[in-house]
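Residue numbers (full-length UniProt numbering): 1 to 231.
Because the hints were derived from the structure by calculation, they are not lab data. Mixed in with the good hints, there may be bad ones.
[Said to hold, decoys possible] Calculated pairs, DSSO-like style, for lysine-lysine (alpha carbon to alpha carbon, straight line, at most 30 Å):
| hint | residue 1 | residue 2 |
| --- | --- | --- |
| 1 | Lys173 | Lys206 |
| 2 | Lys152 | Lys173 |
| 3 | Lys39 | Lys18 |
| 4 | Lys150 | Lys206 |
| 5 | Lys150 | Lys86 |
| 6 | Lys39 | Lys75 |
| 7 | Lys86 | Lys75 |
| 8 | Lys86 | Lys18 |
| 9 | Lys177 | Lys150 |
| 10 | Lys39 | Lys177 |
| 11 | Lys152 | Lys75 |
| 12 | Lys206 | Lys177 |
| 13 | Lys177 | Lys75 |
| 14 | Lys173 | Lys150 |
| 15 | Lys18 | Lys177 |
| 16 | Lys152 | Lys206 |
| 17 | Lys206 | Lys193 |
| 18 | Lys177 | Lys152 |
| 19 | Lys18 | Lys75 |
Note that the structure is predicted; figures quoted are calculated from it, not measured.
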Amino acid sequence: MINAHRGAVYHAVENTLKAFSTAIEQGARSLELDVVRLKSGELVVFHGGGTHENPGEHCETASIPLLADVLALCKNTNTHIALELKGFGIEHDCLRMVEMTGMIHYVTFSSFHPNKTALIRRMRRDMSTVKTGKIFDTPLPPDWIEQTQKHKCNEAHICFADCTPQSIALAHKNNIKVMGWFPHPINNAIWSKYTEDAALYAQVAKSGVDIMCVNKPDLLREVLDELAASM
Numbered sequence: 001m002i003n004a005h006r007g008a009v010y011h012a013v014e015n016t017l018k019a020f021s022t023a024i025e026q027g028a029r030s031l032e033l034d035v036v037r038l039k040s041g042e043l044v045v046f047h048g049g050g051t052h053e054n055p056g057e058h059c060e061t062a063s064i065p066l067l068a069d070v071l072a073l074c075k076n077t078n079t080h081i082a083l084e085l086k087g088f089g090i091e092h093d094c095l096r097m098v099e100m101t102g103m104i105h106y107v108t109f110s111s112f113h114p115n116k117t118a119l120i121r122r123m124r125r126d127m128s129t130v131k132t133g134k135i136f137d138t139p140l141p142p143d144w145i146e147q148t149q150k151h152k153c154n155e156a157h158i159c160f161a162d163c164t165p166q167s168i169a170l171a172h173k174n175n176i177k178v179m180g181w182f183p184h185p186i187n188n189a190i191w192s193k194y195t196e197d198a199a200l201y202a203q204v205a206k207s208g209v210d211i212m213c214v215n216k217p218d219l220l221r222e223v224l225d226e227l228a229a230s231m
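Let the hints inform the model, and build the full structure from the sequences given.
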């Protein structure tokens, strides 16, 4: 499955409705986004940083969207969401909003911090209905499978560099779904070693990973189509 990391970030400002709708048009069936709460109380989709981190050639005027508006967009297009719980104390309200909009089967609540997804799991124990994901930095810790199981997560979200046939097979053996995430293209040291291009996408796809969370969903669509045609 193609997941667009904060949307189509080379075509629109990240974490905006334009970035998300463009990614969907480009073939993404899932979106990765970040949720925080404003001082005024609203849940919004925002990561941080400024427009200087925009990797595209142009930066149009954009606004920070409400989570409710992004959920509505995804509901109308049957688009899945990897919802990273960024803000403090937002778990209950995020869960309630997702349930109220009828999107619970389309959302995976994720975090680097297991206490956040653990709170979601305590509120909703049915793992077949409410999905959570443990995000891991790279390199993967040796006990990443055990950590995912310990925190009752359905998914492990691991860096693309750790997506090998062996790691994916191990996860699947333990009934864990894997999303391979690609870091933001600006100011990340990993891009001194790799180039986010078609060859890298093909390599990661061949690992058997379930979801690829990428910055170029249009390119990944082309790569997956070519791989399918060659089989």
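Legend entry - Which numbered hints fail: When the structure is compared with the hints, only number 10 turns out to be violated.
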